[in-house]
Amino acid sequence: MSSTTPQVADTEATEETLDAPRVRVVISVVGDADLDAALAVVRRQVYEPEPDIVVVGGGADGVASIVSLEEAISSTDSDVDYLWLLHSDARPRPDALSALVAESERNEASLAGSKLLKAGTMDELESVGGATDVFGEPYSGLDEGEIDLQQYDVVREVAFVQSASMLVRRDLAQGLRGLDPLLPPVAAGLDFSQRTRLAGGRVISVPSSEVYHQGRCGDRGKGWREQAGRLRAIVTAYTPLTLLWVLPYDFLVSIIDSLGSLLLGRWRPAVRHVYSWAWNIYHLPSTIRQRRRLRSVRAEGDEELFRFQARGSLRLRTVGEELSGRILSVFDDDQALARGSRRVWGSPGIWGAILAAGVVFFAARSIIFGGMPNVGYTFPFEPPSVALARWFGGWNESGLGAGASVHPATGLTGLVSFLWFGAEGAARTLLTLLLSLLGIVGMGRLGGRMGLRGPGRYLAGIVLMAGPGTALLVEAGSWLSLCAAAVLPWAVRACFVHPHEAGRSKMTHGGWALLTGLIVAAFSPVLAIVPLIVVLVWRLLGGDRASFVLGLVVMLGGLVGLGFMMGDPEWLLDPAQRLGVFSDNLWLVLILIAALPMVMVDGRSRLVSMTGGIVALAALAQGRLFDFGPGLEEAVFIAASFGAALVVSGVLDGLSRNVFRLVAVAGGLAIVVTSVAGLSNGRLGLPPGDDNARLAFAATLSEENGPGRILHASLDKSLIPGEVRSGPGFWYRVLDGSGTTLDEVWLPEIRDGDDDLASSLVDIASGAELRPGDRLAPFAVDWVVLEGPEFVLDEVLLAQLDLVPLPLDPTARVYENDRAVVLAGTTSDPWMNHGVGFSGDPVDGQVRLAVNYDDGWQPDPQSDGWWVTIDGSEGEAIWEGDALDTVLAVLTVALAVISSAAIIVGRRIS
Amino acid sequence: MKWVAAVVMLALAATAFLLPEPNQAQHGENPATEPPPVAICPIVATANRATSVSVLSSVNGEGRLSTFSTGEESGALEFRTGDSGAITIQATDAGAAGISGGLIEMPSDITAAAVALTGQGVMAAESCVDIPAGEAFLAGGSTASGAMFEVQLMNPYAGEAVLDFTVTTDAGIESDDRFDSVVVPALSSYTLDMNQIIPGRQEISVNIEVTSGSALVVGRQTLNGRVAMWRAVPAAQEWWLPIPAGEGPKELLLATPTNSEIEYQIDHFSNTGGLLESYASGVLPPRGVLRLALSDVTLETAAVRVVATGPLVPTLWIDSPTGLALTTASPLDAPLWLLPGAQAPAGGTGTVVILNTGLEEISVDVRSLQETALTRSVVLPAGAVAEVDLVAADGYRIEASGPVVALWSSSLAGQGSVAMGIPVQDG
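So the protein sequences, as listed, match chains A and B. Take 1 as the starting number for the first sequence in my numbering and just add one per residue. Take 911 as the starting number for the second sequence in my numbering and just add one per residue.
FYI, nobody ran anything at the bench for these hints, they're computed from the structure. Certain hints may be false.
Stretch-level coverage of chain A by chain B, calculated; a stretch enters the list once three of its residues show a Cβ under 8 Å from a Cβ in chain B [unchecked claim]: (1) 442-449; (2) 530-544; (3) 571-582; (4) 634-647; (5) 727-741; (6) 854-865.
Some chain B residues well away from chain A (every beta-carbon gap over 10 Å; in silico) [unchecked claim]: (7) A916; (8) H937; (9) P947.
We put the beta carbon where it would ideally sit given N, CA and C, even for glycine.
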């Protein structure tokens, strides 16, 4: 029993009691509850003036009996101020009514609920009012079997009170026509509470009004009828706009809840969901009538309901807790982790991550089940030792080779492969999936740091990964763009300081900024400047919490790509090397529709949307104002997607009946839907195909000399792997016969060998060359592959004497050149390529390497035309790279180590 | 600030909307293509027949003759054209044996080659070609009694060639699997013996369509021991054909590979410069063949121009006491012609027939290519035909001040040959 001491009422009719509100008690007969006992306890209520009592659905001596609750309410005289709706299985304490009336008057509440204690227990709490989630799932906040120790004894506004004992203003009850007779008790209480709130009333819980509840009226909120009732309650209460997303979301939650419950060995939830939806469909006409009735008294929007709702789905949270609890219980004897997991499941970030995982699973299903495509600019990693050696100033094997820095992603992918136990194939798939997940979560986290709280910021992650720019780049096969886009929000986030983190060490902030800058720049060197631009725009628009210094630190990460950009400035400047993607004007329109109306909306969401709008539109305009190389191209288009994602984050941060917001939301949703389409191919938007498998004949049919090179040519540059060169009437490039790898995607700057090859191709394409195989032989071109529509090379290779056409591919025309020289060594003593050099049997004299001349080759490098020859007596050709490239690589590693250390040390200091 | 931001967004959107997209990067321009300086020739080297290969060039340069028949080179011979720019080689010196193909890698761009088939009672000549046509037509064959008709397919290239034949005879279109998807492997020569496949046909024409690769197609007709050789050419709508003087049956064979009626008109040029337009005209039935007896027109040197509403191929058929000879007309005229192999054989005669196709009088130099070159100059009125006697040489070069068409013939001991020269377009 509660230790609350009942107040002793003055039995004399004073002036005060005569002015006290008049109450009519309406007792609803439920189940097999003892009505006489209920009447007895009601009659013992200490309240003046003595309340009038009516019984609904039953009869008893001395009290009026009425058939329905609605009739009981409507027949109540206007001199009655309150109706006390009570179940016949409720046993209120004598002061319960007076407490309800007193607190209702004091708090100007329209609806007040009693504290319900389970009858027959040691004051076990049943309800003190509660919150719900957006689906109407009640959340009492009580633990199972929790005893009343007055821990909740404070009058407070709640989302709903139970119908077992509630005091409602008579005029409101008549306006709302009482409880919905189709609903069971808890759902009825929820429904009535929501309608009260939408009608402008306050709903409070009055703990001093204690009622013992026998629970004969139902199953205490459980069972399919309650579930169906909750669904009916939200369909009755919400506006059409809210229902537009709540109902599909609820349906999805029902499915996940059913599946999760099945995993827990429970089949009933699935059946309950089926019954619930079926029941509501059956009763849809009456639900629509209920909505019409509510419309006439509605005074508030759905936001009034949202104020008292928990985030996410309570059902899923419960299932998640149980699942994680079961798993953790294997290791967690004292359930400490399991208790922590309950808090975890309440975090929007977790639900954002789940959404991201779902999206990534859907978007990457072909990758998960069928592997990564090898096409366009997407190719496997080199083994970690080779990749890291190339990164630290090693030989760049792309094309005819060069002593130039490889793309900085080579180093990062080499490191990831190394950490993944040297399994570069698995590392590649894992990195792709992980980064895609991080991209979506990162957008949500960035939105949070910018001050957004709604779920829309996670949907924005989809726009980042498949929005107006990224989708085009990825569709062209740029895997690096996908990765760069995924890391960008984290780099931008590193420039924003959360108010709770303001006191943290600057070292931590700086460390994160530098580390994320390095990673972004490793995938797309120019992109490292975008966070600074975002900070600039944000600050110009009046935003706070963003640091220019941190933006500059992120940009410092661009150092990782410095060697690569210096080695091939055309990558930045030469429009001929562009991927050739152009954004559709539809994106401009959608971004404008979403971002412009936000001018009329107040709050952080406006600031975020406008920042995103300016960044996205500036990037798209940039794409047309200037013609530049692929390095800038990818940065500009990723920035466009990022800006569009910010717009979506802002506009979907909340809903209101503001017409400008509604237009913005429509635009934002259109952006999301259009972006989802870009992910629907199951490969995260990457094109299908495996060029390495198609061209595997080069390695398979190679003899002891090893696979040489493939000359790949086409009218359509997108059919040729990686960067291409312009030839006479076609595009072409030289590929590694053993398979193209990521580090070979970009060709180094043109050197003498490349010039020689170009002039040979001019001669061959003129038709005057009867033995094109001879002309291509010095370049170690073992194979010529012509792709796509027929072109000039098809014509001239009809009439030649030494390139043998072979039917090795159903679409491409393949020619074998058996005159090609070996890559290194001699025909009788070929040397094998081991990634970063060549080795073989020692030979007397010089050995020729079919690579562009560079004096970094050892020992004793000499120029032989465009070739390099080295002393063959050691049986090995070793490349000793440019010291500057090595220094830059080491410097980058040092920066990564420093930034990591700064994060760790900074955390300890703070 | 929010209004400034809105204006900035509108301005950026307008910029992006109004500006055209940057041009897509373009690859380099197509180079001017030119055929490789090669010639492909049919070669017969048997016990009683031999083939000589004549090469004419504008320079004293090096070349190479290789022979092939069964997937590989039978042999090869490197040569130099010498000061005269011409040379005649025996195919057997380049390893030829049996029926095979020859590939000549020429010393310069202005160059031409031809083969002469000689032997016991045999004399035939035909010029070689640089790039075989994708679709060609061969008319004038016969497998009737006393006649043997062979079609030789030669593929000197690195890839196999696949050809489809449409064979039309006096019995209609012949249906036989051996005419479908005929594969000629790389560096191979393959001969279809039409007498085995479709014996007893009086008039055979063959349309050849190359579905992949490339191959040269040559017809060889044997009639009562005499042999004529001519190559398949693409059908066209306008042709020139000089006709040497001489007695005996001389026919103009008109044949079309198309499956529709074709109207044709024949203009006649006389050796006096007279042009008789529309000397003959008519309609050629679908896939039809028509023989016009030229001997009825004149026994003198003459020429005809054939103009038609659709593609056809005119073939000169001479079955005279001086031999059996066939050659196709020329669709081109040019001021410079090379006549490799043109000569008067020892003990025989040889002539070149030149038609001035222009509207003005021109002078024509006829130069023999041998150690001591002989040049004869002829003045030809507009539309006139002249016949000039040849001497022993490796070939002739005809250079005129206007467009001409040149054909040569030779005869020896009851055998004869006739072959069109090779026009040099950019000479």
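**Request:** Please write out, lowest number first, the hints stated earlier that are contradicted by the structure.
**Result:** Structure breaks hints 1, 4, 6, 7, 8, 9.
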